[in-house]
Amino acid sequence: MSEEKEVHNPIKIDPEVCVKCNLCDWICPGDLIYKKEDDRTTLPEVKYPDECWYCGLCQSICPVDAIKIIFPEEMINCKTDVRSLLGKDVE
Amino acid sequence: MSWTELETDVLVIGGGVAGCMAAIPALEEGLQVTILEKGKVLDHCGSVGCGVDHYLTIMDSGPEWDTPEFLIKHVPELTDGIVDLEVTSKLIHQMPRVLKKIESFGVNFKDPRFNDYYRLKSFGLPGTYHINFDGTEFKKHIGQQVRKLKGKVLTRTMGINLLEKDNKVYGAVAFNFRSGEWYAIKAKSIVMAAGEVNRLSKNASGMPFDSWHCPFNTGDAHRMAFNAGAILTNMEFVETTLTPKGFSAQGLNALVSEGAHFVNKQGERFMFKYDEKGENARRAVIADAVINEYLLGNGPIYADCRHLPSDVLDHMEATLQIDRYTMPAFYEQKALKFRDEPVEVSISELSIRRSGVYFRGSGLAVDTQGHSSKENLFAAGDCASVSGGIAGAAVLGHISGEGVSAHVKKLNGAKLPDFDSEEINRIKNENEHHLVASGMNWRAFEDKTREVVSDYIGVRRSSKSLELAMQTLSALAANELEMKADDLHGLMRVNETKSIRLSAEVMANAAMARTESRTGSSHFRSDFPETNEKDWKKFVLVSKEKDRMKINFSDASDSLASTFNRGS
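Chains as they are written, first to last, in my numbering: chain A, 1 to 91; chain B, 1 to 568.
Source of the hints: derived by calculation from the structure; they are not laboratory data.
It is possible that part of the hints are untrue.
Simulated restraints, written as ranges between beta carbons of each label pair [said to hold, decoys possible]:
| id | chain 1 | residue 1 | chain 2 | residue 2 | range |
| --- | --- | --- | --- | --- | --- |
| 1 | B | THR515 | A | THR42 | 25 to 31 Å |
| 2 | B | GLU467 | A | ASP38 | 53 to 59 Å |
| 3 | B | GLY206 | A | THR41 | 35 to 41 Å |
| 4 | B | SER310 | A | ASP65 | 48 to 54 Å |
Note that the structure is a prediction, hence the values are computed from the model and not measured.
Even for Gly, the Cβ is constructed at its ideal location relative to N, Cα and C.
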């Protein structure tokens, strides 16, 4: 694995607001959010933040609006030259 | 024995729209249905995660364009002649019936502003076939129907191998990546509905999971079916779309159907140079035009909505979040107001799906019952040879569900083979080895695949580039058994990574075989830049024979089913 900068966590869960209900774990299509079941004392953990699709389903289902999706710089202020995605000329 | 053995009449792999719509008729017929689903719920579409905002359908509302016959007549031009007309005709004929059925589940397709269907024209279709609606709850109703009919769902469970004996499929091996439980599931028939191939190439953000369609759809159906000997077709074609630069998300249909323009850096509205329909051209043509503009040095390209009337802009703004919930947040965090300023766009990453045209799907070749070339194996949705977005998934799903029900009934209780414990053990051991292996991490392995696809198989190809790609992908395959997973979740990703690599290899082989160009950048060979109507009105068929990739061809004027030899 390449050595990297800190992984951006797109799923910000406010620990003060979260009611520790499990719905975000339940709905995540990518199996990223892990929450101990039937336990109202532990917070959900975003275990694989770099695998987030930015679909926002966790935010949409949260009953108390404890989740906010934060886009990273690479997405908000994307500097990639689109031509770099269009293949290489091979003689 | 260290796995759980289950038996069911019908096993459905993938709980998206196609899978659920296939399960429903089988359940209605009183058959036992088990669905394997990598997610935890059936409430959201497999491909887009959230709801849907467009649904393509015939409604028989009166005008000629709204009849199946009219649309079918236009299918050859929509697909550049490479399409299974027999299956597509059936799908189009079934559209009104399936629409009514979905409405009976509680889905409201009407626009509350008019208490009527709001239908729009887009993507080169010869009529206003797309119902624009608030489909936030669309899939929830379909999922609820499956539960109501007592379909059994194994969630957080991934199917990885099909089981076969005497050339017939009789089950699958799967595992739950939360609990680590392994399953051997015997089924009279199986419906593959695991979607398209994503995470296949690089995108603008450089983040592999930032993808237009669901990044957890990774060609698992293609891999399982290919390894079991089923024929895959149209695998040479790639699909891309336009996305706001930096965020690969849905939304092009809403933009073009509501009247947005695309302009280049000179402010030129260029689409009419490429197609007389302008922004209403097929998705493949729009993407190709933008690719060309970038290659000509005319980038950046922008989507411009500023000329649209305020009620249209209001509607666009109000519906922005339907098929991607986070789109408003993206614009907000970017501090960009699409009403007042042009939005810079990029082409998205590539996928193997339906190459930017309706009805030409890339995946398992199927007949008019959804039955693949392999006995007892059916398919629907974006992994099947006829595909058409959400509606295509719903309708072909339903067709496959009826097809599989009739097939299972015809089998008339024939006894299924005993489980091949040796084979199941082999699969399980091979997988568990990844948890202790010391080879390349799945992320690095996948990055390598994406690099090869982007650079050598993507939107510009030649025999040399494809040769290079095939060499690299074969070399990667040699390291596959040593790929490393950190945990059970990682083991699921390892399997996805294998599916992505194999799909890329199939694509490279199919692209090498098609020595012409067709449908713009969906298959552009720089060494064969012309479309060759004389020799290439053909399907490229890829299958596995004696552990090798075998390429065959068939005339596109014949159905794919005419090539099937199920040997039973």
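How the hints compare with the structure:
| no. | hint | verdict |
| --- | --- | --- |
| 1 | B:THR515 with A:THR42: 25 to 31 Å | violated (59 Å) |
| 2 | B:GLU467 with A:ASP38: 53 to 59 Å | holds (56 Å) |
| 3 | B:GLY206 with A:THR41: 35 to 41 Å | holds (38 Å) |
| 4 | B:SER310 with A:ASP65: 48 to 54 Å | violated (30 Å) |
Consistency with the previously given hints fails for numbers 1 and 4, ordered from lowest to highest.
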